[in-house]
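Using the hints, put the two standalone chains together into the complex.
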Amino acid sequence: MDDARRGKLREGIVAILVKHGTADLAAARITDDTPLFDGGLKLDSLAFMQSLLEIEELAKVTLDDESASRDVLRNVGSVVAHVASVMEKAGGGGP
Amino acid sequence: MTLLRGRPLGAALWAAQHLLPLRAGFAALRWLARGAPDREPAAWHMRVAAAALDLEGEALRDWYRRLWWGREACLAAEVRLRRKATRVLARLVADIDWTPLEQRLAQRRGVLAIGAHMGPHFIARWAAARRFDQSLFVAVNVSADTEGIAVRDPAQRAVALANSIFHLRRGGMVVLAGDGAFGERALTTAFLGCPVTLRRGPAALARASGAVTLPVAAGWKDDRVVVHFGPPIEPCADRVDAEAWEAEWLRLYVGWLEGRMLGAPEDLRMKGGIWGMLRDSPVSQIRRIAAPAAAALPGMA
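So the sequences go chain by chain: X and U. Numbered per the numbering used here, the first sequence spans residues 1 to 95. Numbered per the numbering used here, the second sequence spans residues 96 to 396.
Where hints are given, some of them may not hold.
[Stated by the list, open to error] EDC-like mimics (lysine to aspartate or glutamate), calculated; alpha carbons at most 20 Å apart, straight line: (1) X/Lys-42 <-> U/Asp-248; (2) X/Lys-19 <-> U/Glu-279; (3) X/Lys-60 <-> U/Asp-333; (4) X/Lys-60 <-> X/Glu-11; (5) U/Lys-366 <-> U/Glu-353; (6) X/Lys-19 <-> U/Asp-336; (7) X/Lys-19 <-> U/Glu-338; (8) X/Lys-19 <-> X/Asp-65; (9) X/Lys-42 <-> U/Glu-279; (10) U/Lys-366 <-> U/Glu-173; (11) U/Lys-316 <-> U/Asp-192; (12) X/Lys-89 <-> X/Glu-57; (13) X/Lys-60 <-> X/Asp-24; (14) X/Lys-60 <-> X/Asp-2; (15) X/Lys-19 <-> X/Asp-38.
[To be verified] To give an idea of the chain X side of the interface with chain U (calculated C-beta under 8 Å), a few residues: (16) Ser-45; (17) Phe-48; (18) Leu-52; (19) Leu-73.
[Unchecked claim] Derived coverage of chain U by chain X (criterion: at least 3 residues anywhere in the stretch with Cβ under 8 Å from a Cβ of chain X; other residues may be distant): (20) 251–259; (21) 278–291; (22) 294–308.
Just so you know, these hints were derived from the structure itself, not from any lab. Predicted, not measured: the structure shown is a model, and the values here were computed from it. C-beta atoms are modelled at their ideal positions from N, C-alpha and C, and glycine is treated no differently.
Isolated chain U, as found in the complex (with noise of 0.2 Å):
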């Protein structure tokens, strides 16, 4: 494995990224993940999971080198997805089931389909705006293969709100993640017992527009991409304190996330968004979860 430390890695690395056929370079990456707890011994990631989930020891280790193989696979698929190859990526993508968001959108009431920086979720977003013409995705960046908006200042911003609440009243989906950093207001709910600040922007879409929220997290199951939904959130009724439902909505939201944290570290990436908060917040602020949630969520791995 001293092979393995400094620029060798880096370059074995880079080789199952971007050489490798996609399915060899997962296998690559899994045989080079045995090696990553010791090579990054520091990491604020497995300090967080011996502090949430309880872990320690070769369970510890194990969970991290899962954690650290769904991080680079999905930098192997993005190299895909940069390239273009469309039949790689289309047998990547082919077991995603997207039965609940179909049976939401049959409604025609609109859906917020409120993703996080979670798993491989650029891929996922290429697979849902193939599938779905009546999407349209708002993000900070916007690539050439999946057409929306972007939200960097905030005439975009405003642009991009009251587009998605047009489309969503026209019965279509709106994709976007709900831990983005852009955004003027914001409203601090708690991440495994850590204060986050989130912005306020999908929670308000939520409530003006009268749609469904479906939580969509991106994540892996024999080396292919799949989509785990979280449980609704029903629309907004009329007249209700705004602010109140917008936290409400939001504590819903972070709640569902800090359940995948129980579920296949290959899953969390923890990378970006609100785990980029989570990791300015002291581990000892960090609250265990305990197991027994995992089942009260539905979509869980």
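The shape of chain X in the complex, shown without the other chains (with noise of 0.2 Å):
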């Protein structure tokens, strides 16, 4: 996956995950290293399951059992990693 398109993967994740977020957290300033849930976006449960979903969406691929261990829950940057490789490993996807 090139730069630019992983640059517009992680905008729409980063998009996604702010609006069920309920930390009052600006899109600019989420890096990689923002956790999800305390100390961080501060998902609860059910925002991340809503999330989930919106992501599939936006990434147009089928997430796994492995799209929910902790590894990749750590952070923002560990989501779009694992989107990211689903899609390299689907063979393209979007957006």
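What follows is the structure in structure tokens.
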């Protein structure tokens, strides 16, 4: 995946996570190290579930158990990296 | 019966639950249950039954004896679960008819088996884990006998919800309690006329996964564990108002639980889950349930 496409994917994922998070954080202030839950975006479990479903639509991929592992849920960067890798394995996807 | 007050009762109870063979223990508990209303005259369970079922006198005392027996029999069975007494437990659950669940699983659209804090639910969960290899258990305490996902903190719950959705989309079964205490968001509904606040996670999972919901409650029949299935809640249509759909899902689920009050008292247990919420409500708020509703609820004992 080239940098431009990855950047667009990151932008889309961050927008979804910020929309569902309860932290008062602007998208511009989100870094790859920003945690998803406490101390970061403050997603709750339902918000995370809804975010996953929207990320699937954005990336046009079907996520699976691996996408809900502790490693993937660590921070924004780990989510973007995981979705990018699923897209590559699936041979494309969006956005 | 004076002998059974205080410590001597504790010893007799302990012996019935831990020392005697299970069937003999159940018989001993039945004998001990005879004095239960006298030993615990202020039990809130009796106040709930008097208000909700309009019971009084000997009928109320008999109702409480049966409730008491069911609660203590659950503990006796759970002792065998902790001891991993597999052969004893297998006999105990041999009469469970899983047909409604099997029929729904055969449709390969995913089944959310939604339980409650009623009856010997730990034993039914153990039986389900042995029977269905495509099941995923989501619970606060996940035992070694039923592998599953715990839900104590937000990250655990996020993992549990996501894995549950993926599992249901593959046509599997997810088992969880609908009246659990852990979760960030909640909805309030009425149970026996009293407001109860339940977590939104199970309803949200049903909505987002597109799986059918099958209410499940464990109970007793002839000293064996049986399972009662409620009317299925069909999957959510696309593009509905999420909160309104989840509120309706909760109303149907709680309505089914409420109907179980009309069934066998030994199947209620009345401990934890929704009962803890009811316990905080004034008895004056408890609404009487009409007996004819029992016939309208499939799966009633």
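To see whether the hints hold, each was checked on the structure:
Between X/Lys-42 and U/Asp-248 the alpha-carbon distance is near 13 Å, which keeps this suggested pair within the 20 Å criterion. For the given pair, X/Lys-19 sits about 17 Å from U/Glu-279 by alpha-carbon distance, which is consistent with the 20 Å threshold. With a CA separation close to 18 Å, the supplied pair X/Lys-60 and U/Asp-333 stays within the 20 Å bound. About 15 Å separates the Cα atoms of X/Lys-60 and X/Glu-11, which keeps this hinted pair within 20 Å; it holds.
This hinted pair checks out: U/Lys-366 and U/Glu-353 have alpha carbons roughly 15 Å apart, not beyond 20 Å. Restraint check for X/Lys-19 and U/Asp-336: satisfied, since their Cα atoms lie roughly 18 Å apart, inside the 20 Å limit. For the given pair, X/Lys-19 sits about 17 Å from U/Glu-338 by alpha-carbon distance, which is consistent with the 20 Å threshold. Between X/Lys-19 and X/Asp-65, the direct Cα distance comes to roughly 23 Å. Violation of the 20 Å bound is thereby established for this hinted pair.
A hinted pair counts as satisfied when its Cα atoms are at most 20 Å apart, and X/Lys-42 with U/Glu-279 qualifies at roughly 11 Å. Simply put, U/Lys-366 and U/Glu-173 have alpha-carbon atoms about 15 Å apart, close enough for the 20 Å limit, and the pair holds. At most 20 Å may separate the alpha-carbon atoms for a hinted pair to count; U/Lys-316 and U/Asp-192 meet this at roughly 12 Å. The straight-line distance between the Cα atoms of X/Lys-89 and X/Glu-57 is roughly 16 Å, inside the 20 Å bound, and the hint therefore holds.
At most 20 Å may separate the alpha-carbon atoms for a hinted pair to count; X/Lys-60 and X/Asp-24 exceed this at roughly 28 Å. Annotation: proposed proximity of X/Lys-60 to X/Asp-2 holds, straight-line Cα distance about 17 Å (limit 20 Å). For a cut-off of 20 Å, the pair hint linking X/Lys-19 to X/Asp-38 stands: about 16 Å separates their Cα positions. Taking 8 Å as the C-beta contact cut-off toward chain U, the hint placing X/Ser-45 at the interface holds, the least distance being around 4 Å.
Restraint check, X/Phe-48 versus chain U: the minimum CB separation of about 4 Å is within 8 Å; hint holds. At its closest, the beta carbon of X/Leu-52 sits 6 Å from a beta carbon of chain U; the interface hint therefore holds under the 8 Å criterion. Interface hint at X/Leu-73: satisfied, since its Cβ lies 6 Å from the closest Cβ of chain U, which is below the 8 Å cut-off. Beta-carbon proximity to chain X at under 8 Å applies to 7 residues in the segment 251–259 of chain U; the threshold of 3 is reached and the given coverage holds.
For a cut-off of 8 Å, the count of residues in the segment 278–291 of chain U with a CB near a CB of chain X stands at 3, and the three-residue condition holds. Check result for the segment 294–308 of chain U against chain X: holds, 5 residues qualifying (beta carbon to beta carbon below 8 Å, three or more required).
The structure fails hints 8, 13 (numbered hints given earlier, in ascending order).
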